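Protein chains: 2
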Amino acid sequence: MPELRRGPITERWVIIAPERAKRPSDYRTEDKKENSRPPSNCPFCPGKEEMTPPEIYRIPGEDGSWRVRVVPNKFPAMQDYPELGRTAVDGIYDRMNGVGTHEVVIETPSHDKEIPDLPVEQVKLIVDTYVVRLQELMKNDWYRYVLLFKNHGKQAGASLAHPHSQIIATPVVPRRVRDRLQTAREYYERKERCLFCDVMLMELKSGERIIEATDDFVAFTPYDSRFPFELVIYPRKHAHEFTQICEEQRWELARILKRTLFRLKHLLGDPPYNIVLHNSPNPIPRPGKPGYWTTLQYDYHWRMAIIPRLTLVAGFEWGTGLYINPMPPEDAARYLREVEVPED
Amino acid sequence: MPELRRGPITERWVIIAPERAKRPSDYRTEDKKENSRPPSNCPFCPGKEEMTPPEIYRIPGEDGSWRVRVVPNKFPAMQDYPELGRTAVDGIYDRMNGVGTHEVVIETPSHDKEIPDLPVEQVKLIVDTYVVRLQELMKNDWYRYVLLFKNHGKQAGASLAHPHSQIIATPVVPRRVRDRLQTAREYYERKERCLFCDVMLMELKSGERIIEATDDFVAFTPYDSRFPFELVIYPRKHAHEFTQICEEQRWELARILKRTLFRLKHLLGDPPYNIVLHNSPNPIPRPGKPGYWTTLQYDYHWRMAIIPRLTLVAGFEWGTGLYINPMPPEDAARYLREVEVPED
Numbered sequence: 098m099p100e101l102r103r104g105p106i107t108e109r110w111v112i113i114a115p116e117r118a119k120r121p122s123d124y125r126t127e128d129k130k131e132n133s134r135p136p137s138n139c140p141f142c143p144g145k146e147e148m149t150p151p152e153i154y155r156i157p158g159e160d161g162s163w164r165v166r167v168v169p170n171k172f173p174a175m176q177d178y179p180e181l182g183r184t185a186v187d188g189i190y191d192r193m194n195g196v197g198t199h200e201v202v203i204e205t206p207s208h209d210k211e212i213p214d215l216p217v218e219q220v221k222l223i224v225d226t227y228v229v230r231l232q233e234l235m236k237n238d239w240y241r242y243v244l245l246f247k248n249h250g251k252q253a254g255a256s257l258a259h260p261h262s263q264i265i266a267t268p269v270v271p272r273r274v275r276d277r278l279q280t281a282r283e284y285y286e287r288k289e290r291c292l293f294c295d296v297m298l299m300e301l302k303s304g305e306r307i308i309e310a311t312d313d314f315v316a317f318t319p320y321d322s323r324f325p326f327e328l329v330i331y332p333r334k335h336a337h338e339f340t341q342i343c344e345e346q347r348w349e350l351a352r353i354l355k356r357t358l359f360r361l362k363h364l365l366g367d368p369p370y371n372i373v374l375h376n377s378p379n380p381i382p383r384p385g386k387p388g389y390w391t392t393l394q395y396d397y398h399w400r401m402a403i404i405p406r407l408t409l410v411a412g413f414e415w416g417t418g419l420y421i422n423p424m425p426p427e428d429a430a431r432y433l434r435e436v437e438v439p440e441d
Numbered sequence: 098m099p100e101l102r103r104g105p106i107t108e109r110w111v112i113i114a115p116e117r118a119k120r121p122s123d124y125r126t127e128d129k130k131e132n133s134r135p136p137s138n139c140p141f142c143p144g145k146e147e148m149t150p151p152e153i154y155r156i157p158g159e160d161g162s163w164r165v166r167v168v169p170n171k172f173p174a175m176q177d178y179p180e181l182g183r184t185a186v187d188g189i190y191d192r193m194n195g196v197g198t199h200e201v202v203i204e205t206p207s208h209d210k211e212i213p214d215l216p217v218e219q220v221k222l223i224v225d226t227y228v229v230r231l232q233e234l235m236k237n238d239w240y241r242y243v244l245l246f247k248n249h250g251k252q253a254g255a256s257l258a259h260p261h262s263q264i265i266a267t268p269v270v271p272r273r274v275r276d277r278l279q280t281a282r283e284y285y286e287r288k289e290r291c292l293f294c295d296v297m298l299m300e301l302k303s304g305e306r307i308i309e310a311t312d313d314f315v316a317f318t319p320y321d322s323r324f325p326f327e328l329v330i331y332p333r334k335h336a337h338e339f340t341q342i343c344e345e346q347r348w349e350l351a352r353i354l355k356r357t358l359f360r361l362k363h364l365l366g367d368p369p370y371n372i373v374l375h376n377s378p379n380p381i382p383r384p385g386k387p388g389y390w391t392t393l394q395y396d397y398h399w400r401m402a403i404i405p406r407l408t409l410v411a412g413f414e415w416g417t418g419l420y421i422n423p424m425p426p427e428d429a430a431r432y433l434r435e436v437e438v439p440e441d
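Chains as they are written, first to last, in the numbering used here: chain R, 98 to 441; chain V, 98 to 441.
Take the hints with a grain of salt, since some may be wrong.
When chains are identical, the list treats them as one kind, so a pair holds in a single copy or across two.
As a list, the in silico DSBU-like pairs of lysine-lysine whose alpha-carbon atoms are at most 30 Å apart [to be verified]:
(1) K210 with K171
(2) K288 with K210
(3) K334 with K171
(4) K119 with K302
(5) K251 with K119
(6) K221 with K119
(7) K119 with K362
(8) K362 with K251
(9) K288 with K251
(10) K288 with K119
It is worth saying that the hints were derived from the structure and are not from the lab. Note that the structure is a prediction, hence the values are computed from the model and not measured.
Work out the full structure, taking the sequences as your base and the hints as a guide.
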């Protein structure tokens with residue numbers, strides 16, 4: 098059973114998942130394995146469906162085939178369990194059971210076609226799948242936050258080459274998310290405006306960090322980027338919660354996601370990257386009032402972050418959270434803007 | 098000139114250091130260079146002293162040789178400059194000049210002898226050098242925080258193989274350090290006790306995460322370890338500031354550092370790792386009262402963290418700060434404890 102732990106110094110939850118554990122010798126540098134299984138043995142390829150745990154969801158294709166599949170992660174960081182087991186048994190420390198879920202979204206039947214290579218119709222189906230699964234997991238009273246992310250490339254943490262994203266639901270709101278929610282709330286209370294909308298307007302006005310702006314979305318490199326070519330995609334219209342995205346916005350998101358990842362791939366030669374959806378936490382049911390939920394955090398603003406993994410994170414970043422970025426985001430945006438993107 | 102930036106969403110300072118910049122093509126995966134120069138061309142080896150910028154400090158050896166050298170980093174993240182240039186010119190964003198310093202401590206003349214291979218006398222000289230340089234840099238009114246860290250191995254961010262550590266002084270206190278200082282202060286105000294002393298006592302009482310305890314220091318794996326085999330070394334006697342370490346404690350620190358790094362090396366086969374010193378920020382001179390300094394943060398507790406770099410940090414860690422650790426710290430401590438360490 099995975100476990101959630103929090104200590105009083107960092108005040109940060111950590112998932113201890115010994116089901117994924119190894120012996121010390123497995124960590125030895127010389128033992129590192131390659132992650133790219135040959136397609137004949139890939140559990141995410143069509144015809145290998147029995148290699149994954151039982152399917153949770155699919156978008157069917159023709160003649161019994163599928164276009165997107167969702168399956169449980171075979172080595173889950175979080176697991177279903179009948180009780181949370183919150184406890185102070187460790188005195189100064191906080192501990193609870195790692196109750197949650199860990200799903201894998203298989204984005205396409207094609208083993209080696211990533212988002213920039215797929216038709217935009219397929220990328221739209223991926224976005225649709227994200228919405229369906231998040232809506233479902235946000236209904237669970239035990240889950241406080243649902244994380245959607247994608248690791249592309251071994252250096253970005255992908256253990257299988259076949260294009261996929263992951264969804265983890267946890268019974269806690271991670272500290273960094275909590276910090277951002279609080280910052281957004283304080284800003285709103287002071288200014289009566291959304292912090293993220295303000296940042297986006299500043300960026301559109303200056304233009305120097307804009308990669309692309311469409312009717313519904315803006316892609317730009319943050320002023321305080323930690324990493325070279327780090328970028329974010331904001332919905333232009335204020336929206337605190339991703340799953341409320343309308344049909345037209347889904348198409349637009351699919352398009353800008355495909356175009357942005359094409360820029361990265363073209364400029365940097367298929368770099369490893371991570372995508373993270375920053376979204377509002379789940380609403381909490383209010384005890385004693387069935388069907389009545391506490392106010393959602395309307396002052397938050399959902400967005401996607403894309404982080405290419407080009408530089409090694411060195412020692413003091415881990416200790417202090419102070420990052421050195423050799424690539425000014427204005428230059429990164431200009432390089433990315435200048436990439437010629439083919440029309441779909 | 099490097100630049101410090103802070104945005105209103107993360108409220109975290111980032112160093113933008115374009116002097117270290119590269120063109121996009123330099124980031125292409127296939128172009129990654131090896132870092133281990135042959136000793137004949139190593140700028141940190143004896144006889145190559147003219148390859149480094151002018152020396153800041155040395156512990157001399159016999160006949161004009163040296164035992165430890167401190168030199169400026171050739172590609173500094175921070176630079177000396179006559180003004181801080183704090184500015185709100187970017188509206189919602191904060192910016193100031195990257196005024197500071199970036200030094201390299203060359204730990205030994207031997208190109209391939211790391212701390213576990215050195216005589217403890219040499220490790221003690223390294224500790225002495227840390228104290229001398231930190232004392233010097235903490236006197237500078239402009240610097241608010243002095244970071245001491247070591248990257249060992251390419252995967253841990255070391256760009257040169259010759260054993261060295263680094264010191265960066267910045268005009269700001271990094272957000273994560275500020276968060277910890279505040280947590281320590283709030284705990285002290287509530288309990289009238291040091292948070293770190295309490296954690297250490299809990300650990301000594303339970304013993305399950307202790308690697309080694311000497312008269313002056315305790316090495317243990319934190320309850321909420323983010324990474325496999327992550328560990329910390331605490332001074333047993335409460336001390337908020339590292340440079341006040343006495344002669345006997347320096348010897349003890351050299352010994353436990355050597356022994357702990359030997360354990361890691363023996364168990365994990367010379368893994369890449371980072372060491373970070375967590376210390377109090379610099380005192381601030383009080384305006385109008387020459388020679389009078391604001392109270393130091395006596396409720397803080399200095400310590401060293403050692404983080405082996407064995408697992409890749411995947412997508413959602415970057416976005417949320419929520420980490421998955423497959424190695425329970427109790428198991429990690431047991432493995433490390435069981436390593437037989439030769440007597441010095």
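Subject >> 30 Å Cα threshold - placement of K119 relative to K221 >> reply: Neither: 38 Å inside a copy, 35 Å across copies.
**OP:** Can you give me the call for K251 and K119, within, between, both or neither, at a CA distance of at most 30 Å?
**Re:** This pair counts as both: shortest intra-copy Cα distance 18 Å, inter-copy 23 Å.
**OP:** Pop the pair K334 and K171 into one bin, within, between, both or neither, using alpha-carbon distances up to 30 Å.
**Re:** neither (38 Å within a copy, 46 Å between copies)
Original post:
With identical chains treated as interchangeable, where does the CA-CA distance between K362 and K251 reach 30 Å or less: within a copy, between copies, both, or neither?
Top reply: both (15 Å within a copy, 25 Å between copies)
**OP:** State whether the alpha carbon distance between K288 and K210 is at most 30 Å within one copy, between copies, both, or neither.
**Re:** neither (45 Å within a copy, 57 Å between copies)
Original post:
Can you tell me if K210 and K171 fall within 30 Å by alpha carbon in one copy, between copies, both or neither?
Top reply: Close inside one copy (23 Å), not across copies (42 Å); limit 30 Å.
**OP:** Classify it for me, K119 with K302: is the Cα-Cα distance of at most 30 Å met within a copy, between copies, both or neither?
**Re:** Between copies only: 28 Å across, 51 Å inside.
**OP:** With 30 Å as the alpha-carbon cut-off, assign the pair K119 and K362 to within, between, both or neither.
**Re:** between (34 Å within a copy, 17 Å between copies)
Original post:
How would you label the pair K288, K119 (within, between, both, or neither) given a Cα cut-off of 30 Å?
Top reply: neither (50 Å within a copy, 39 Å between copies)
Subject >> Intra- versus inter-copy proximity for K251 and K288 (alpha-carbon distance at most 30 Å) >> reply: Answer is neither: 43 Å inside a copy and 46 Å across each miss the 30 Å cutoff.
Violation of the numbered hints given earlier is confined to hints 2, 3, 6, 9, 10; the remaining hints are satisfied by the structure.
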